[in-house]
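Protein sequences appear in the order of chains A and B.
Numbering of the first sequence is given in numbering that gives the first Met the number 0, commencing with residue 0 and proceeding in unit increments.
Numbering of the second sequence is given in numbering that gives the first Met the number 0, commencing with residue 0 and proceeding in unit increments.
Worth double-checking, as some hints may not be accurate.
Estimated spans, in silico, between C-beta atoms of each pair [unchecked claim]:
no., chain 1, residue 1, chain 2, residue 2, range
1, A, Pro164, B, Ser82, 24 to 30 Å
2, B, Gly39, A, Gly14, 37 to 43 Å
3, A, Trp230, B, Gly127, 34 to 40 Å
4, B, Leu134, A, Thr103, 49 to 55 Å
5, B, Arg125, A, Gly14, 56 to 62 Å
6, A, Ser205, B, Gly39, 47 to 53 Å
7, A, Glu189, B, His41, 33 to 39 Å
8, B, Val22, A, Ala41, 41 to 47 Å
9, A, Gly238, B, Ala74, 41 to 47 Å
10, A, Ala41, B, Ala150, 30 to 36 Å
Since the hints were derived computationally from the structure, they do not count as laboratory data.
Source: prediction; values computed, not measured.
Just so it is clear, CB atoms sit at the ideal spot from N, CA and C, and this is done for glycine as well.
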Amino acid sequence: MTAGRLDADSAPTVGADDLFAYLLRLGDDALIAAQRLGEWSARAPEMEEDIALSNIALDQLGAARLFLTYAGEVEGAGRDEDALAYRREDFEFRNVQLVELSDTDFGTAIAKLLCLSAFQHPLYEALASSTDTRIAGIAAKAVKESAYHLDHATTWTLRLGDGTPESHRRMADAVDEVWPYTFELFESDELSRRVAAAGIGVEPASLQAGWLGMVGNVLRRATLDVPATDWRPTGGRTGRHTEALGYLLAEMQVLHRAHPGATW
Amino acid sequence: MNATVATAIRDAVARVVDPEIRVVTVEELGILRDVTVDSGGHTTVTITPTYSGCPALDVIRADVTAAARRAGATAVDVRTDLSPAWSTDDISTSGRAKLAAAGIAPPGPARRPEQVLLQIAVRCPRCGSPATQELSRFGSTACKSLWRCTACAEPFDHIKAH
Chain A
0 MTAGRLDADS
10 APTVGADDLF
20 AYLLRLGDDA
30 LIAAQRLGEW
40 SARAPEMEED
50 IALSNIALDQ
60 LGAARLFLTY
70 AGEVEGAGRD
80 EDALAYRRED
90 FEFRNVQLVE
100 LSDTDFGTAI
110 AKLLCLSAFQ
120 HPLYEALASS
130 TDTRIAGIAA
140 KAVKESAYHL
150 DHATTWTLRL
160 GDGTPESHRR
170 MADAVDEVWP
180 YTFELFESDE
190 LSRRVAAAGI
200 GVEPASLQAG
210 WLGMVGNVLR
220 RATLDVPATD
230 WRPTGGRTGR
240 HTEALGYLLA
250 EMQVLHRAHP
260 GATW
Chain B
0 MNATVATAIR
10 DAVARVVDPE
20 IRVVTVEELG
30 ILRDVTVDSG
40 GHTTVTITPT
50 YSGCPALDVI
60 RADVTAAARR
70 AGATAVDVRT
80 DLSPAWSTDD
90 ISTSGRAKLA
100 AAGIAPPGPA
110 RRPEQVLLQI
120 AVRCPRCGSP
130 ATQELSRFGS
140 TACKSLWRCT
150 ACAEPFDHIK
160 AH
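Isolated chain A (complex conformation) (with noise of 0.2 Å):
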């Protein structure tokens, strides 16, 4: 390209590799999020919010399983939802540290939550106009769901924080706790560069402006302050994780190691 200008010719495109690494990131981050919100069935504080959690972790799998779906088909090695999920070690993992981290208490999985959906919702939004119209389909559906997503994750922050002595100091030890693992929602790196400059996927960098001021708006109305942290690890886009995901890896893949190929 020899002038700072885009338009539809001179668009760089991105090799089915990108196209297949930047479907992972997407996918697993559904993926081990549904995960881990499944892990509340019928462990949550009331029975509505055993069936909340579970319709969100629900939705998050279906999202998982477009994603990882095309992911399959893109990479043409002959590896379907299944194997993607089921088969892989924990460095074959694209996911942020974020949704893995173990729900220590139902403070940490709704903190969790609403860093994550403040992020995914504004990310479906813009994947709906992606120019890669199978992402576009998956987000316009998944924009819709990220929403209660989001709404249902400011509701419990927004009750627990204003609420007792106890529940306010418990939701802030949850947001202390994910804070650090938040930048690396952000991070942009030579992959999600060249997908967004071929107008497949979005900077993630794109969305942290917003993001802050979302979930900082949530946290002051619920009495809590946005945590002062330099930590930042990192590491899940490149398949370092932390410890806990292969506590979850090992519950999620048992059965379908032990019977490849098993189905009900």
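Position chain B relative to chain A; hints supplied.
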């Protein structure tokens, strides 16, 4: 394949009921997008999910296939189409009436993303009162929320405008 059989296949597919809300058909719910039958009886059905993770979709796929075969299809291909994304605005008038008759409050107009936090009054499908209260944004299926009528005290499902 004569035209009568093709019509019969299309009708049979359109009459398949939703596995989770058994009072409405897939056509009334707006999740049946297209049915084509070629001269050899090969039938292609296009459906769209309500929500990405809707577990009913696999059952719908099987039910649609079985219905088309019973009506004379020689082979059935069920495709999933995501664009445009399904909306509750796609539910037909007869579908809405059947939902209400079954005690499920039908959805209002689909909300746009910027209106997400807006609460819309939902009428009780049993007594008609607008004095209702949302108990949970998430109900017995992905597409429903759980409500309670403060006039007649009955709980009910509501299809979320989506």
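How the hints compare with the structure:
The hinted window of 24 to 30 Å between Pro164 (chain A) and Ser82 (chain B) is violated, with their beta carbons roughly 49 Å apart. About 39 Å separates the C-beta atoms of Gly39 (chain B) and Gly14 (chain A), a value consistent with the hinted range of 37 to 43 Å. For the pair Trp230 (chain A) and Gly127 (chain B), the beta carbons lie near 57 Å from each other, so the given range of 34 to 40 Å is not met. The hinted window of 49 to 55 Å between Leu134 (chain B) and Thr103 (chain A) is violated, with their beta carbons roughly 28 Å apart.
The supplied range of 56 to 62 Å is met by Arg125 (chain B) and Gly14 (chain A), whose beta-carbon atoms lie about 58 Å from each other. Between Ser205 (chain A) and Gly39 (chain B), the C-beta spacing of about 51 Å keeps the proposed range 47 to 53 Å intact. Between Glu189 (chain A) and His41 (chain B) the beta carbon distance is about 46 Å. The supplied range of 33 to 39 Å is therefore violated. Distance hint check: the CB atoms of Val22 (chain B) and Ala41 (chain A) are about 29 Å apart, inconsistent with the given range 41 to 47 Å.
At about 43 Å, the beta-carbon gap between Gly238 (chain A) and Ala74 (chain B) stays in the expected band of 41 to 47 Å. Range check, Ala41 (chain A) to Ala150 (chain B): about 33 Å between beta-carbon atoms, so the 30 to 36 Å window is met.
Against the hints set out earlier in the document, violations occur for numbers 1, 3, 4, 7 and 8.
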